[in-house]
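Enquirer: For reference, the chains in residue letters:
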Amino acid sequence: MRIYLKFDFKHICRTVLKEQLDSLGLKYTIYGVGEIEFNKIPTQKEEQEMTSLLGHYGIEIMDDQQMELVQRIKDAVTEWIHDEENPKLYNFSTYLSEKLDYSYTYLSSVFSEATYSSIENFVILRKIEFVKSFILQNNLTLTEIAFKLNYSSVSHLSAQFKKTTGLTPSAFQKIILKRKERALSQK
Amino acid sequence: MPLNTLNIALADDDEDDRTLFKEAMDEIKIKTKLSLFNNGKELMDYLILPNVILPEIVFLDLNMPIKNGMQCLDEIRNHPKLQDLLVAIYSTSSSESDIEETFVNGANIYINKPNSFGALKQVIEKVLQLNWQYHTSALNRDNFLLRI
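Residue numbers (our numbering), protein chains in the order written: chain A, 946 to 1132; chain B, 2 to 149.
By construction, these hints were calculated from the structure, which means they are not laboratory data.
Just to be clear, a hint being listed does not mean it is correct.
A few chain A residues that face chain B, going by a derived Cβ cut-off under 10 Å, partial list only [what the hints assert, rightly or not]:
id : residue
1  : Lys-963
2  : Gln-965
3  : Tyr-1061
4  : Asn-1066
5  : Phe-1067
6  : Arg-1071
7  : Glu-1074
8  : Ser-1078
9  : Leu-1081
10 : Thr-1110
11 : Arg-1127
12 : Leu-1129
13 : Ser-1130
Per label pair, the in silico range of CB-to-CB distance [claimed, not checked]:
id : chain 1 : residue 1 : chain 2 : residue 2 : range
14 : B       : Asp-17    : A       : Ser-997   : 18 to 26 Å
15 : B       : Asp-17    : A       : Leu-969   : 39 to 47 Å
16 : B       : Arg-142   : A       : Ser-1042  : 30 to 38 Å
17 : B       : Ile-29    : A       : Glu-1126  : 33 to 41 Å
18 : B       : Glu-102   : A       : Val-1099  : 27 to 35 Å
19 : A       : Lys-1123  : B       : Asp-27    : 33 to 41 Å
20 : A       : Arg-1127  : B       : Asp-17    : 31 to 39 Å
21 : B       : Glu-102   : A       : Glu-982   : 48 to 56 Å
22 : B       : Glu-16    : A       : Thr-988   : 26 to 34 Å
Glycine included, C-beta positions come from ideal geometry on N, C-alpha and C.
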C-alpha cells in the first residue's frame, strides 16, 4: 500500500517549537515562523538544552554574536581612521586582530558572510566618507586631507575617491555645493 | 545573518531592459524583491499609495513617456514621504551635463546602462552592497553619490 501526504510546514515548525520549548518549561511567544520572544532570559543551561533539542530537528538558533562582532569590526575601523594621533605604523589587519582578539582570517570571513562585502572594502568606504566630510566641512586642501588620512599621496587619494564614487573629489564638491545653493534659493 | 530582503523598484519603458534587469537581480546573492513599472507615472502612483512598503532603492530610466525620470526625481525629492528614498538614475546618456544635473537634482547614483549582462550584474551588486553599508553603518546619505 502506498499513501500520499500533504504537509503544512508552518504548522509543523510551530508544533515542534511549542513541544520542545514547553518541555523546557520556558514562557515564550512565537512570532511568525522564525522569531521567539522569552518572558525571562533563559539561563545558559536552558539555552544549551534548547540548542540541542532544536538541533535534533534541524532548527538552528541564529547567531546574534556574529552581527555583534561585525558591529565591533565597523567601530574599530571607524576609530582607527578617526584617530589622527595613531601613527598607523603597523598595518590595519594587525591592529584589528589585536584589538578584537580574533585572527584576521576569522574576522574577515565573519564580516564577508554577514555583509557580502569585505573588511578592506569597508575600510576604503569609511575613509572615502571621511574624505567627503572633510571636503565639505573644513575647507582643507586635498593635500592636507591625504596627509591626515595617511594616504601616500594626493594622487592615490584622488584615484581611490574616483574608483569608489565614480567622481573626482572636485566634481563631488561641485555637486554638493550646487545642491546647497539650490536648496537655499528655494527657501 | 543573511541580509533581509531588499525592496527595489525599477521604472523603464523598454521591456527588454526590464527583463534583463530582473534576470540580473535574480542571479545575484543578495535577496531582493523587485517591482517593475512601465513608466514614471505608474511608479509615482504606486509610491504615494497609503501604506505602501517603500523600496530601499528606486531605479529610474531617464527617457520615458508620460513622466520621465527627471520629473520623478523632482517629485520624489519634494514629497515629504519620499524625499529620503535612494534614487539611482539608469540611463544610456553619458553626457557630463546630464549627469551633473541629475546629481544636483538629488540623484544618489548614476548608472550608464551597461552593454553586457555580466556588467549589469556587477553594477547592481555594487549598488546594493553600498546601499547596505549606508543602511547599517550610519553613513551620511546626503553624501552618497556614485557614478558607474
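Enquirer: Going by Cβ atoms only, is Ser-1130 (chain A) closer than 10 Å to chain B?
Expert: Violated: closest Cβ of chain B sits about 12 Å from Ser-1130 (chain A), beyond 10 Å.
Enquirer: Next item in the hint list is Tyr-1061 (chain A). Is there a CB on chain B closer than 10 Å to its CB?
Expert: OK, holds: Tyr-1061 (chain A) within 10 Å of chain B, min 6 Å.
Enquirer: Per the CB criterion, is Leu-1129 (chain A) less than 10 Å away from chain B?
Expert: Not OK, violated: Leu-1129 (chain A) not within 10 Å of chain B, min 13 Å.
Enquirer: Does Phe-1067 (chain A) hold up as a contact with chain B if the rule is Cβ-Cβ below 10 Å?
Expert: Holds, about 7 Å.
Enquirer: Please test the hint of 33 to 41 Å on the beta carbon pair from Ile-29 (chain B) and Glu-1126 (chain A).
Expert: Check passed, 38 Å falls within 33 to 41 Å.
Enquirer: Holds or violated: Gln-965 (chain A) as interface residue toward chain B, Cβ cutoff 10 Å?
Expert: Violated, because the Cβ-Cβ distance from Gln-965 (chain A) to chain B comes to roughly 22 Å (cut-off 10 Å).
Enquirer: Can we keep the Arg-1127 (chain A) interface hint, with Cβ of chain B closer than 10 Å?
Expert: At about 7 Å, which falls below the 10 Å cut-off, the nearest Cβ of chain B leaves the hint on Arg-1127 (chain A) intact, so it holds.
Enquirer: So the hint says 30 to 38 Å: do the beta-carbon atoms of Arg-142 (chain B) and Ser-1042 (chain A) match that?
Expert: 31 Å, holds
Enquirer: Taking the beta carbons of Glu-102 (chain B) and Val-1099 (chain A), is their distance inside 27 to 35 Å?
Expert: This hint holds: roughly 28 Å between Cβ atoms.
Enquirer: Quick one: are Lys-1123 (chain A) and Asp-27 (chain B) within 33 to 41 Å, going by C-beta?
Expert: 38 Å, holds
Enquirer: Assuming the hint says 31 to 39 Å, is it satisfied by the Cβ distance from Arg-1127 (chain A) to Asp-17 (chain B) or not?
Expert: Holds, since Arg-1127 (chain A) and Asp-17 (chain B) (Cβ atoms, about 35 Å apart) stay within the stated range.
Enquirer: Hold the hint about Lys-963 (chain A) up to the distance rule: shortest CB distance to chain B must be less than 10 Å.
Expert: 24 Å, violated
In the structure shown, a violation is registered for the earlier hints numbered 1, 2, 12, 13, 14, 15, 22, in ascending order.
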